[in-house]
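Colleague: Chains as they are written, first to last, in our numbering: chain W, 24 to 242; chain X, 4 to 266.
Calculated from the structure, these hints are not laboratory results. All of these numbers come straight from a predicted model, not from anything done at the bench. Among these hints, one or two may not hold up.
What the hints assert, rightly or not - In the DSS-like style, the derived pairs of lysine-lysine whose C-alpha atoms are separated by at most 25 Å in a straight line are:
(1) Lys64/W / Lys126/X
(2) Lys208/X / Lys196/X
(3) Lys102/X / Lys126/X
(4) Lys224/W / Lys209/W
(5) Lys130/W / Lys141/W
(6) Lys102/X / Lys122/X
(7) Lys237/X / Lys141/W
(8) Lys33/X / Lys145/W
(9) Lys145/W / Lys133/W
(10) Lys33/X / Lys251/X
(11) Lys237/X / Lys64/W
(12) Lys251/X / Lys196/X
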Amino acid sequence: MTAPFANISKQLMFPQTLAASLESIINQVLSLGSANSSLEKLGQKTLTLTLAELGFPLSFTVTSDIGVNNKALLVSSLTERADCTINTSLTTLRELQAKQQLTELIKQDKLDVTGDIKVAQKFANMAQNLDIDWQSELANHIGDVATHKLMQLGKTIAAKFNFAATQIQADASEYVVHEQRLVITKNQIEHFNQAVNDVSKDVMALEARIARLNKSSNN
Amino acid sequence: MSATDKNQLPDTAHTSADSTTHFGYQTIDKEDKVSMVAGVFHSVAKQYDIMNDLMSFGIHRLWKRFTIDASGVRPGNNVLDLAGGTGDLTAKFSQLVGKQGKVVLADINSSMLNVGRDKLRDKGLVQNIDYVQANAQYLPFEDNSFDIVTIAFGLRNVTDKDMALRSIYRVLKPGGRLLVLEFSKPEHELINKAYDFYSFNILPKIGELVAKDGDSYQYLAESIRMHPDQETLKTMLDNAGFEQTSFKNLTGGVVALHKGYKF
């Protein structure tokens with residue numbers, strides 16, 4: 024993060040605003056799912072995540088051992104209490120969703136983990152085990168019929184968006200490849216590569232023949 | 004006298020050698036300040052939280068989050084939330100220190116303490132919080148008792164700030180840190196003027212409408228102007244014995260967070 028932006032971000036307390044918003048959303052989501060037992064296991068554990076794009080840490084602390092109904096997840100910028108710290112980027116986080124990627128990403132230096140990795144795994148398990156019936160939750164607020172209609176509308180809109188995205192992609196490809204000829208097709212590349220290979224073989228054969236001729240003329 | 008003129012008044016909280024101090028823009032006997040400030044907070048205690056949200060547009064929650072982030076609090080820590088009022092900081096600290104730790108919510112004002120205690124109990128926060136009615140100048144705790152002491156929007160109401168800082172220094176453990184979150188002096192003149200207009204023209208009216216007490220919010224505006232600016236308060240922390248003192252301006256200097264360590 025550049026210095027002026029970092030200064031503005033600090034003045035506007037962007038880390039605190041983001042932490043407050045995340046905390047509110049995460050606890051709402053946790054209250055819908057069956058995460059209580061996972062929270063119990065993580066009592067007072069803190070996972071600190073530093074994303075390259077943000078430039079400040081976000082710490083997730085489970086507070087499951089105080090008082091009644093206080094199993095919650097606090098989000099802060101506290102760094103001094105981390106049980107596990109992960110330095111990475113948003114792109115790598117997306118890649119992490121594919122299982123078995125962890126070791127590979129660490130090898131590629133895209134992910135830096137310090138501290139107790141079991142804490143990170145427990146947080147990841149808690150997120151993966153959240154089983155929330157979004158339709159049922161929505162129905163509690165707006166009713167069954169409205170939820171059904173809304174879901175249908177959502178599916179229709181999603182299908183239309185997917186169709187539009189596919190069309191735009193196809194049209195853009197047609198325009199760039201065939202009309203403007205700015206890029207070449209995969210077949211053209213393969214044909215070119217094949218031609219280069221053929222020339223290479225011919226040159227090697229010619230080189231061998233010249234070598235043989237030289238040898239015989241010397242003899 | 005305009006609001007800006009009033010800013011030119013000496014900004015020390017008490018007139019050093021004599022027995023008088025400031026209550027807003029009034030000069031009063033030191034002995035009277037405690038009861039006069041108490042009157043203000045008895046009056047506003049029940050509407051304190053809603054007024055904070057209205058007056059600051061909710062930003063006070065972010066200022067307090069910033070304080071928590073700067074505290075470095077760990078599980079098992081002992082924390083003193085001085086002038087803790089309705090317990091916003093105590094609630095977070097209680098969750099962060101866990102059952103091995105302890106948070107003391109201290110306030111000189113019984114009404115504020117009662118409101119804070121009710122609020123925290125309603126949230127289910129009961130295990131690791133003690134409530135103490137205490138004057139910051141004469142803290143009733145043993146030496147070297149706390150890992151962290153915070154005083155948020157409270158120091159400006161203390162009669163003898165230097166004495167309070169020395170008292171805090173005494174109860175902090177070696178290695179402990181003090182965090183003072185307090186209104187301060189805006190960095191830019193434009194913000195200063197807008198802030199003055201808001202404080203002296205709008206704030207008392209909100210107080211009148213919501214808390215039915217415009218005078219208390221007039222005092223709030225005046226007491227903020229009489230509070231030492233960033234550098235002066237930093238020097239006061241140095242003088243009380245704190246080391247590695249520093250401050251960070253928030254929202255253009257409307258509020259500043261001062262930090263100091265005891266080694």
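Colleague: Please write out, lowest number first, the hints stated earlier that are contradicted by the structure.
Modeller: 7, 8, 10 and 11
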